[in-house]
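**Student:** Mind docking chain F with the ligands on chain R? Use the hints.
Chain order of the listed sequences is R and F.
Each residue of the first sequence is one higher than the last, beginning at 1 in our numbering.
Each residue of the second sequence is one higher than the last, beginning at 1 in our numbering.
Check before you lean on any hint, since a few could be wrong.
Said to hold, decoys possible - On the chain F side, residues computed to face chain R include the following (Cβ under 7 Å): (1) Arg11; (2) Asp12; (3) Gly147; (4) Ser312; (5) Glu313; (6) Leu320; (7) Glu322; (8) Glu323.
Said to hold, decoys possible - Derived Cβ-Cβ restraints for the label pairs, each shown as a range: (9) F/Ala278 / R/Lys141: 57 to 63 Å; (10) R/Asn197 / F/Leu308: 38 to 44 Å; (11) F/Ser386 / R/Ser76: 33 to 39 Å; (12) F/Ile279 / R/Ser17: 53 to 59 Å; (13) R/Asn176 / F/Leu308: 21 to 27 Å; (14) F/Met1 / R/Gln64: 36 to 42 Å; (15) R/Ser76 / F/Met1: 24 to 30 Å.
In short, the hints are calculated from the structure, not lab data.
Ideal Cβ placement from N, Cα and C applies to all residues, glycine included.
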Amino acid sequence: MENSSIIKIEKLIKRFSVGKSEFTALNDLSLTVERGEFLGLVGPSGSGKTTLLNIIGSLDTPSQGKVTVIDQSIASLSHKQSAKLRNRHIGFIFQTYNLLPVYTVYENVEFALLLQKLSSSVRHKSVMDALEWVGLTDKVKSKPSMLSGGECQRVAIARSMVKRPEIVLADEPTANLDSKNSHHILQTMKDLNKELNTTFIFATHDEKVMKYLNRKISLEDGQIVKDEIIQHSKN
Amino acid sequence: MIRFLIKGILRDRSRSLLPVIVVALGVFLTVFMSGFFKGVMTDMIDMNAKFSSGHVKVVTRAYAENADQAPIDLAILGVSDLKNQLQSAYPDMEWVERIRTGGLLDVPDENGETRGQGPAVGTAIDLLSPESGEVKRMGIQNSIVKGRLPEKPGEALISDDFAEKFSVAVGDEVTLFGSTMNGSMMFHTFVVSGTLRFGNSLIDRGAIFMDLQDAQIALDMEDAASEILGYYKHQPYDDIAAQSLTESFNARYSVESDEFSPLMTRLAEDAGMADYLAIAENMVGLMIFIFVIAMSIVLWNTGLLGALRRYSEFGVRLALGEEKKHIYRTTIYEAILIGIIGSFVGTLLGVALSYRLQTHGWDFSELTGNIGMMMPSVFRAQVTPSMFYIGFIPGVIATVLGNALAGFAIYKRKTARLFHELEV
Ligand SMILES: Nc1ncnc2c1ncn2[C@@H]1O[C@H](COP(=O)(O)OP(=O)(O)OP(=O)(O)O)[C@@H](O)[C@H]1O
Ligand SMILES: [Mg+2]
Numbered sequence: 001m002e003n004s005s006i007i008k009i010e011k012l013i014k015r016f017s018v019g020k021s022e023f024t025a026l027n028d029l030s031l032t033v034e035r036g037e038f039l040g041l042v043g044p045s046g047s048g049k050t051t052l053l054n055i056i057g058s059l060d061t062p063s064q065g066k067v068t069v070i071d072q073s074i075a076s077l078s079h080k081q082s083a084k085l086r087n088r089h090i091g092f093i094f095q096t097y098n099l100l101p102v103y104t105v106y107e108n109v110e111f112a113l114l115l116q117k118l119s120s121s122v123r124h125k126s127v128m129d130a131l132e133w134v135g136l137t138d139k140v141k142s143k144p145s146m147l148s149g150g151e152c153q154r155v156a157i158a159r160s161m162v163k164r165p166e167i168v169l170a171d172e173p174t175a176n177l178d179s180k181n182s183h184h185i186l187q188t189m190k191d192l193n194k195e196l197n198t199t200f201i202f203a204t205h206d207e208k209v210m211k212y213l214n215r216k217i218s219l220e221d222g223q224i225v226k227d228e229i230i231q232h233s234k235n
Numbered sequence: 001m002i003r004f005l006i007k008g009i010l011r012d013r014s015r016s017l018l019p020v021i022v023v024a025l026g027v028f029l030t031v032f033m034s035g036f037f038k039g040v041m042t043d044m045i046d047m048n049a050k051f052s053s054g055h056v057k058v059v060t061r062a063y064a065e066n067a068d069q070a071p072i073d074l075a076i077l078g079v080s081d082l083k084n085q086l087q088s089a090y091p092d093m094e095w096v097e098r099i100r101t102g103g104l105l106d107v108p109d110e111n112g113e114t115r116g117q118g119p120a121v122g123t124a125i126d127l128l129s130p131e132s133g134e135v136k137r138m139g140i141q142n143s144i145v146k147g148r149l150p151e152k153p154g155e156a157l158i159s160d161d162f163a164e165k166f167s168v169a170v171g172d173e174v175t176l177f178g179s180t181m182n183g184s185m186m187f188h189t190f191v192v193s194g195t196l197r198f199g200n201s202l203i204d205r206g207a208i209f210m211d212l213q214d215a216q217i218a219l220d221m222e223d224a225a226s227e228i229l230g231y232y233k234h235q236p237y238d239d240i241a242a243q244s245l246t247e248s249f250n251a252r253y254s255v256e257s258d259e260f261s262p263l264m265t266r267l268a269e270d271a272g273m274a275d276y277l278a279i280a281e282n283m284v285g286l287m288i289f290i291f292v293i294a295m296s297i298v299l300w301n302t303g304l305l306g307a308l309r310r311y312s313e314f315g316v317r318l319a320l321g322e323e324k325k326h327i328y329r330t331t332i333y334e335a336i337l338i339g340i341i342g343s344f345v346g347t348l349l350g351v352a353l354s355y356r357l358q359t360h361g362w363d364f365s366e367l368t369g370n371i372g373m374m375m376p377s378v379f380r381a382q383v384t385p386s387m388f389y390i391g392f393i394p395g396v397i398a399t400v401l402g403n404a405l406a407g408f409a410i411y412k413r414k415t416a417r418l419f420h421e422l423e424v
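One chain only, chain R, in its complex shape (with noise of 0.2 Å):
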């Protein structure tokens, strides 16, 4: 098997319209990430963070460049395409968590596989591990609002991991918490990106964040300023 690099982009720009005029949002970008790495995007805002984890999710196509998740290229997919990649290899996590409000907990983790014909009880093994996972087992029936901001972002979590993604995309996750949800969910994170061998990747302005990525990308103005391998003395 071809050892190839799970995300690949290659002199990525984004335009996007504003009114009459063009905005540049990522100029000429490259960038390659390996399987398993926990990488951060950092940097001011609007300096495309957002843009680019949105482009490697296929929500939103380059308009120049060529981009390849998991052996696919972004800008040939067709609607079709792009949602069952998602569906079955990418997991998102929000800034503001964005759970189904009328759903419980175990109702929202279970959605991401409703569109995956899987049994309910393939179904309901997954979801208690992912609650596992985070923690959670035990408010399986509660509602959304009835948790805490620091709960509610490890639903999400399980919610983004259920199926098992090669790629998980996470906006801001930590924006919302205080310092010890936040590293508690980034712990949670880790852990499951050493033992199912997932990759992460973060935007973020969040120190907190930092001392857990292995790579730190920094951009500007929709470009690669700085592009650092973090080693971690083991502690």
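**Tutor:** Same frame as chain R, but now just chain F with the ligands:
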């Protein structure tokens, strides 16, 4: 997935309650109005059939042209012979003679001087022969307010309103003034055996019901009658059967050049009944149309509001790998579901109220008091089988249309744009 959506609808009241109420209301009105119109029209037609038009009616050609004047000088001569022929040719129908005439009803005081006087519609039917079905047909027994049915010649019934107005008591005498069949002056005195109220403003204002033979004597109409009415003995009015009946009769008996030859007409031709029937049908169609439009607009807007609130849900579902098309489709499924629930509730209420109005009626006499139309003053709805499904047409179409329009706005947005909005 469907189960998931149903759960969502049931739990998210703000998403489902308003649309369900809107749909239920529109469906309720559609269903109820259809029952109401059907009931009123049926009563109206039935009443017309019993009182004036029969299921079919035979008059002379000349009479037919001036029917609204009830011209007794154009009555059918040799009527018993014609009636017998009809009875043997069409034995499944009952044939009855009637005389209709206008006149003045005069109430004398003890000295024989006029105490009060008013115009009256005179109707002569077979009141006295024991085999006559006329009393029952016109519901006379049930309409008697005071007194009793005439039991011998010379007795008559008058409308209660008239009797009240001129303080006529049961047993008093009244005189009917008019003209005979030959155009000479006519007056005939009757003993009032009872008073009547039909709940029909036209008849209740001033009417006298007398026996056919009395009228024939008074009006010089030996073996003559204004009209012969035919009623199906064992079935309700059937327009197709009536049409072929009239055609065959007219081909045999009616001669265009002879204005005294008989002419048969059917209920639907009489007094614009066909128009009423058509109106009743169109009304329901029109109502469905109006409610579809009105409800769609309301539901479109509630749908838009709902969709705005569900942006984050749609965004998440996109991120989880649901296709936009699929999300759009599921909102339509939800609409169908809400449409069905709302229609169900609305139908239930509409049928219930119609049923209540079928059994109890709604007295409109104060409002219809001055209408000269043959119209029942107690409105009754009628529960028909179609009521049970008719409401689902506007109910489901409107929700689907409303949601489709609302959803379209989202559908047209690019995935990325939707997602971008999710972030904020
Ligand atoms: N759909 C869009 N249409 C127009 N402009 C857009 C669109 N999406 C993003 N942009 C612009 O592109 C630039 C980069 O946006 P992006 O959201 O990627 O920044 P970011 O690095 O995630 O910022 P933040 O840290 O505030 O989240 C911004 O200037 C933004 O206004
Ligand atoms: Mg961002």
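**Student:** Hint by hint, note whether the structure agrees.
**Tutor:** Results for each hint:
no., hint, verdict
1, Arg11, "4 Å, holds"
2, Asp12, "5 Å, holds"
3, Gly147, "71 Å, violated"
4, Ser312, "5 Å, holds"
5, Glu313, "5 Å, holds"
6, Leu320, "5 Å, holds"
7, Glu322, "6 Å, holds"
8, Glu323, "4 Å, holds"
9, F/Ala278 / R/Lys141: 57 to 63 Å, "60 Å, holds"
10, R/Asn197 / F/Leu308: 38 to 44 Å, "40 Å, holds"
11, F/Ser386 / R/Ser76: 33 to 39 Å, "54 Å, violated"
12, F/Ile279 / R/Ser17: 53 to 59 Å, "57 Å, holds"
13, R/Asn176 / F/Leu308: 21 to 27 Å, "22 Å, holds"
14, F/Met1 / R/Gln64: 36 to 42 Å, "37 Å, holds"
15, R/Ser76 / F/Met1: 24 to 30 Å, "28 Å, holds"
In this structure, the earlier hints numbered 3, 11 are contradicted, and the remaining ones agree with it.
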